[in-house]
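Asks: Chain by chain, the residues run as shown.
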Amino acid sequence: MAVLGSGTALVALRPAPARSLVVADANNADLKLPTGFGALVVAETGGKARHLAITPSGTIYVKLNRPDKAGQGILALQPATNGKATVAGGFGSYGGTGIATKNGYLYASSDENVYRYKLNDKGEVVNKQQPETIIKGLINRKQHESKSVALDNAGNIYVNVGAYSNSCQVQDRQKGSMGIPNCPVLDSAGGIWQFRADKLNQTYTDGVRYATGLRNVVGLDWNNQSNQLFVMQHGRDQLNSIFPDLYTTEESAQNPAECLYALQKGDNAGWPYMYYNLQKKTQMLAPEYGGDGKKTVNGKYLEPAAAYPAHMAPNALLFYTGTMFPARYRNGAFIAFHGSWNRAPEPQKGFKVVFQPFKDGKPSGDWEVFADNFAGSPEKEAAGRADHKPCGLAQGPDGSLYVSDDKKGTIYRIVYNAK
Amino acid sequence: MKQLTLLLLALCWWAGSLPAAAQQKPAAKRKTTTSPAVPGAVLARGKVVYTQNCLTCHMADGYGVDGMNPPLIKTSYVLGDKTRLTKVVLHGMQGLDVDGEPYNNVMPAHAFLTDQQIADVLTYVRNSFGNKASAVQTTEVKAIRAANKK
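Read top to bottom, the protein sequences are chains A and B.
According to the working numbering, numbering within the first sequence proceeds without interruption in unit steps and concludes at 419.
According to the working numbering, numbering within the second sequence proceeds without interruption in unit steps and concludes at 569.
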């Protein structure tokens, strides 16, 4: 590749590391970052850019929630030497969220199916029009419809099938409606399903319900240190508006926590029967199933590995394995919080990328804000009228962190510039 | 926030204590294309219903939530056919595009609201957030509810 060749030549001429080729925008793309970091706008796609994936040669594939005017649900962005990229085409006539690369394939999902495309040694999709269908017929009833994907190192792909319900009420989101006993949603949704990454036309019967009791997971990633799948759950909504006698609007805005789970096969994280109280650090019985805001359920369901403020909507999880960022970031987790709506009438929160330190494959210490001000101002954040909403995360070949935004379609790149 | 709620409750109480003639005033309006001014008492009552039942999803400013809960600002659903709008409140809604944009969250049925509460809240919505459209009358809601009884 010519681009890579010239970059390599420059590195050979100058002792500076490869990252010095990438210059942050003067305003750091309007983001607030820790000292030493800079950001640039890689491209404006103009689409609802959900998740993104980057090949070893630097091609950026962006999954759009809806196909663009040209009917393309996946955009291919070619990198330039200044660190930015240009949209160089697209393919895939379906909208969706999930996209990932692994072992020479690009995987992408619609809201029902998962496809894969063979990549050549330049990271280009060989046959854009005829992907292989890996998984088909996953349930999509509009609510929590995203099918996010992650792959392990043993040939498996993990797919989130979100619950088509808030809390498995007889009448979804209806004030006072109680939960359906033995929640039937869990048969085909509300969990993570495991399939083979290389087998065609798999359906539910070919897969394994790897973990259940997860209401909706949009951000998930494989941790190579603990050799384990980690997922971020979107916690339930509307404690107050469904059960106004049991919860104040403030309690409802502050609970339940958005939880990070470290999964083993067969785990049950407890939705819809419980939710996790952030302040009490306790599993609470859901009001739809007899809870009163005080009753707890202990020892029955998987404990979260870490918990974060309510309703911030974690849409991406990425374990950072690069060497560009300082050593403390290595093997830690970045989480993109898309931003809340269910805190109203309290101020909205989120619209940022946070960092969760890890040690030996487990969360270690408190999370911290990493990239902030996607909303554009504190007022826009509080009102929920964010300019940008971070939705996807990916690591570039040089260790840059890429962030996609599904509000305006901006693709960001965060680099470390300090020596 | 507490003070605002108290103020609204006070307004609601005040509106409730108005003589019946004052409340029926809008019913006597002339049938013109320009909507006559909506009494402040109706808007105040509508805002109370909105705050308790609608604000969580549609937000205090009617902006809604991208891709989930549709906005109530100058959309065809809000400003257009009153029967369609009333039926959304009575029966709920999911998975329909609003002015070309998809919204995927579930809106539950709000048939538990009284005819007057629905009329008030829809009148409030049609005359807030920059909207200006005719009031929805209690009699209209009553007729639509009766015609669509399941």
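Hints listed in this document are in silico derivations from the structure and should not be mistaken for laboratory results.
Warning: the hint list may mix true and false statements.
[Unchecked claim] Pairs of lysine-lysine, DSS-like flavour, derived with a Cα cap of 30 Å:
#, chain 1, residue 1, chain 2, residue 2
1, B, 501, B, 561
2, A, 408, B, 493
3, B, 493, A, 349
4, B, 506, B, 493
Asks: Confirm or reject each hint.
Replies: Status of each hint after checking the structure:
Simply put, residue 501 (chain B) and residue 561 (chain B) have alpha-carbon atoms about 13 Å apart, close enough for the 30 Å limit, and the pair holds. In summary, the hint linking residue 408 (chain A) to residue 493 (chain B) is supported, as the alpha carbons are separated by about 21 Å, within the 30 Å threshold. As the CA atoms of residue 493 (chain B) and residue 349 (chain A) are separated by approximately 26 Å, the hinted pair is consistent with the 30 Å bound. A distance of roughly 18 Å separates the Cα atoms of residue 506 (chain B) and residue 493 (chain B); the hinted pair therefore holds under the 30 Å criterion.
When the structure is compared with the earlier hints, no violation turns up for any of them.
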